[in-house]
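Peer 1: Sequence:
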Amino acid sequence: MTTPFLDDLSRAIAAAATQATGVVEPAVPLVPPTRPEHGDIASPVAMGVAKRAGRPPREVADDIAEALRRRDDLALIIDRVEVAGPGFLNFRLRPGWFGRVVRDIAAADREFGAGSAKPREAILLEFVSPNPTGPMHVGHARHAAYGDAVARLLDFVGHTVWRECYVNDYGRQMELFGASVAARYAELIGDVPHLPEDGYHGAYVAEIAAEIRTEVGDRFVGRVSPPDAKALGFFATAGGDRMLARTQSELETCRVRMDRYFSEATLHAEGHVVAGIDALRAAGLTYEDDGATWFRTSDFGDEKDRVLVRSDGATTYLAADVAYHLDKASRMGDRMIDILGADHHGYINRLKAVIAAAGYSTDVLEVLIMQLVSLIEQGEAKRMSKRAGTLVTLHELINDIGVDATRFFLVERSHDTAFELDLNLAREQSQENPVYYVQYAHARCCSILAKADQAGVGRAPDHAAPDELDPSERALVLRLSDWPDAVADAAARRAPHRLVAYLKDLARDLHAFYHRCRVVGESADVQAFRMELTVATRQVLALGLELLGVGAPERM
RNA sequence: GCGCCCGUAGCUCAGCUGGACAGAGCGACAGACUUCUAAUCUGUGGGUCGCAGGUUCGAAUCCUGCCGGGCGCGCCA
Numbered sequence: 002m003t004t005p006f007l008d009d010l011s012r013a014i015a016a017a018a019t020q021a022t023g024v025v026e027p028a029v030p031l032v033p034p035t036r037p038e039h040g041d042i043a044s045p046v047a048m049g050v051a052k053r054a055g056r057p058p059r060e061v062a063d064d065i066a067e068a069l070r071r072r073d074d075l076a077l078i079i080d081r082v083e084v085a086g087p088g089f090l091n092f093r094l095r096p097g098w099f100g101r102v103v104r105d106i107a108a109a110d111r112e113f114g115a116g117s118a119k120p121r122e123a124i125l126l127e128f129v130s131p132n133p134t135g136p137m138h139v140g141h142a143r144h145a146a147y148g149d150a151v152a153r154l155l156d157f158v159g160h161t162v163w164r165e166c167y168v169n170d171y172g173r174q175m176e177l178f179g180a181s182v183a184a185r186y187a188e189l190i191g192d193v194p195h196l197p198e199d200g201y202h203g204a205y206v207a208e209i210a211a212e213i214r215t216e217v218g219d220r221f222v223g224r225v226s227p228p229d230a231k232a233l234g235f236f237a238t239a240g241g242d243r244m245l246a247r248t249q250s251e252l253e254t255c256r257v258r259m260d261r262y263f264s265e266a267t268l269h270a271e272g273h274v275v276a277g278i279d280a281l282r283a284a285g286l287t288y289e290d291d292g293a294t295w296f297r298t299s300d301f302g303d304e305k306d307r308v309l310v311r312s313d314g315a316t317t318y319l320a321a322d323v324a325y326h327l328d329k330a331s332r333m334g335d336r337m338i339d340i341l342g343a344d345h346h347g348y349i350n351r352l353k354a355v356i357a358a359a360g361y362s363t364d365v366l367e368v369l370i371m372q373l374v375s376l377i378e379q380g381e382a383k384r385m386s387k388r389a390g391t392l393v394t395l396h397e398l399i400n401d402i403g404v405d406a407t408r409f410f411l412v413e414r415s416h417d418t419a420f421e422l423d424l425n426l427a428r429e430q431s432q433e434n435p436v437y438y439v440q441y442a443h444a445r446c447c448s449i450l451a452k453a454d455q456a457g458v459g460r461a462p463d464h465a466a467p468d469e470l471d472p473s474e475r476a477l478v479l480r481l482s483d484w485p486d487a488v489a490d491a492a493a494r495r496a497p498h499r500l501v502a503y504l505k506d507l508a509r510d511l512h513a514f515y516h517r518c519r520v521v522g523e524s525a526d527v528q529a530f531r532m533e534l535t536v537a538t539r540q541v542l543a544l545g546l547e548l549l550g551v552g553a554p555e556r557m
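Take the first sequence: its letters are residues 2 to 557, numbered as in my numbering.
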């Protein structure tokens, strides 16, 4: 907790610590106390400097506290400072500090906590990246919800983010998909279907085939049973286009925006794959062996070298990724971030090798690994198998629990943790669902302000702070004051789940405040202060929910 | 075998750039609506932080070794 509202206090503690021990302490941590009787804010700084000064922590803490008490300028901030435990400095803050914080937050409006990143970077973020051979499932949904939230966070703290989705529309899987669509088309026109053995069986394949037939009619009669090469190419492309369109539409429904869908096939068609291999060859990073062309990825930490061109002349998936990452490197600005599934973690060093080969520091590529998500219903794991067709699609998930719950639940846990999403809980339209808990807090703020409006109570931004504050008011203001730090931290760590945790805490503080304190109809100072507090809380809840891509309803 | 991730309350998980008796939600139990929405609040119960060492004034957090689980280690994509 390093709220900007306590910078003065932080600096004063640092100065006092140096004065007391001679030790220079650049970073003075301020932490929320674990127990209410410890005051509003605490600092363990004395323990740290005492160690380096070779003195007992409590003694050092006493010296610092005494020095702080002698500073008149702090009287506006600190009500009381005490030394406790092994050497903690516990502060109780003045009502005036709370008043100022609330005014500043309400005045900052949507800019509160924004733009704090240093330095501000231009970042190319790649996420989701599906195969256009089938519908997106829960795994894609987690990538989408997480990636989009990270993008919003990075943008909010001041970075410039370009969102990109790589489309794997090339290779054997696309051929199989094309053949599968052609087979369903053959059925529709009364021909014998030639469904490949490891082809695609889902009902959506037939849907796609029907859509294509509506467009091209019977033009392929006699050419799909079995299909000729040209027909296969047509059905692969036409089918892939339609799957991609579905993907785009579903992501839009989920409020996930992409700046570009990047086609792998175009990399091949435009010669970038070959050019990429040539570039690596020119850099001396390839060699020929057994008729294949190898990339010396082991020079960059990979377990072994990898094939770029097979002995039959075909390029590998890696070759396309080389081309793609070279292309991204030339466009990224300062940094590129890939969000990959856990099953691709072995890819990190290969991609770093590409970046290094292109002459960049490997640090400019950040790979975030997403662990698995599974579903649980009635206390039992929902079995999901692609082959059995029991995979839960993103489409079904949204129809089941809604976009807000889907997004909220999928970013509630760290991307680094495999977790189980409880469908019963997510479906719950009532009290035990954390999504509504946070949204309800926002609606409640709106409700209070609507009531004030109705009562003809206007806002008074330059009110004086009340002399006495309820503990719930103190807790709420302290929470709000921590927002800039919380959001900066979530962005820096690429950890939107921290934002979720913050919002749940904030919602809890608001609800507690609501039950203990009335806003409308109190004395002028109290009413004015609580109005501004309500405005500030509503604002931060709205900002937070927006960063998660979750709605902030005014009424529920 | 090697690499990455994970083992924290009955369940799902935070906390992990070291700080006060370890947190939340759900579930269980007991209370609170004549007042700005009870989709809320208050309280109770619940834990050898996988195990064992080490570093430290202080370890869930850092180091080492085990045990257990997930994922990966193709001239597949």
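Because the hints were derived from the structure by calculation, they are not lab data. Glycine included, each C-beta is placed from N, C-alpha and C at the ideal position. One thing to keep in mind: the hints can contain errors.
Okay, the calculated beta carbon distance ranges per label pair [to be verified]:
1) Arg-56 to Ala-284: 43 to 49 Å
2) Asp-364 to Ala-343: 21 to 27 Å
3) Gly-23 to Gly-86: 19 to 25 Å
4) Asp-335 to Asp-73: 41 to 47 Å
5) Asp-260 to His-345: 32 to 38 Å
6) Asn-400 to Glu-289: 48 to 54 Å
Peer 1: The structure should be examined with respect to each hint, and the outcome stated for every one.
Peer 2: Checked hints:
no. : hint                           : verdict
1   : Arg-56 to Ala-284: 43 to 49 Å  : violated, 57 Å
2   : Asp-364 to Ala-343: 21 to 27 Å : holds, 22 Å
3   : Gly-23 to Gly-86: 19 to 25 Å   : holds, 24 Å
4   : Asp-335 to Asp-73: 41 to 47 Å  : holds, 45 Å
5   : Asp-260 to His-345: 32 to 38 Å : violated, 22 Å
6   : Asn-400 to Glu-289: 48 to 54 Å : holds, 53 Å
Violation of the numbered hints given earlier is confined to hints 1, 5; the remaining hints are satisfied by the structure.
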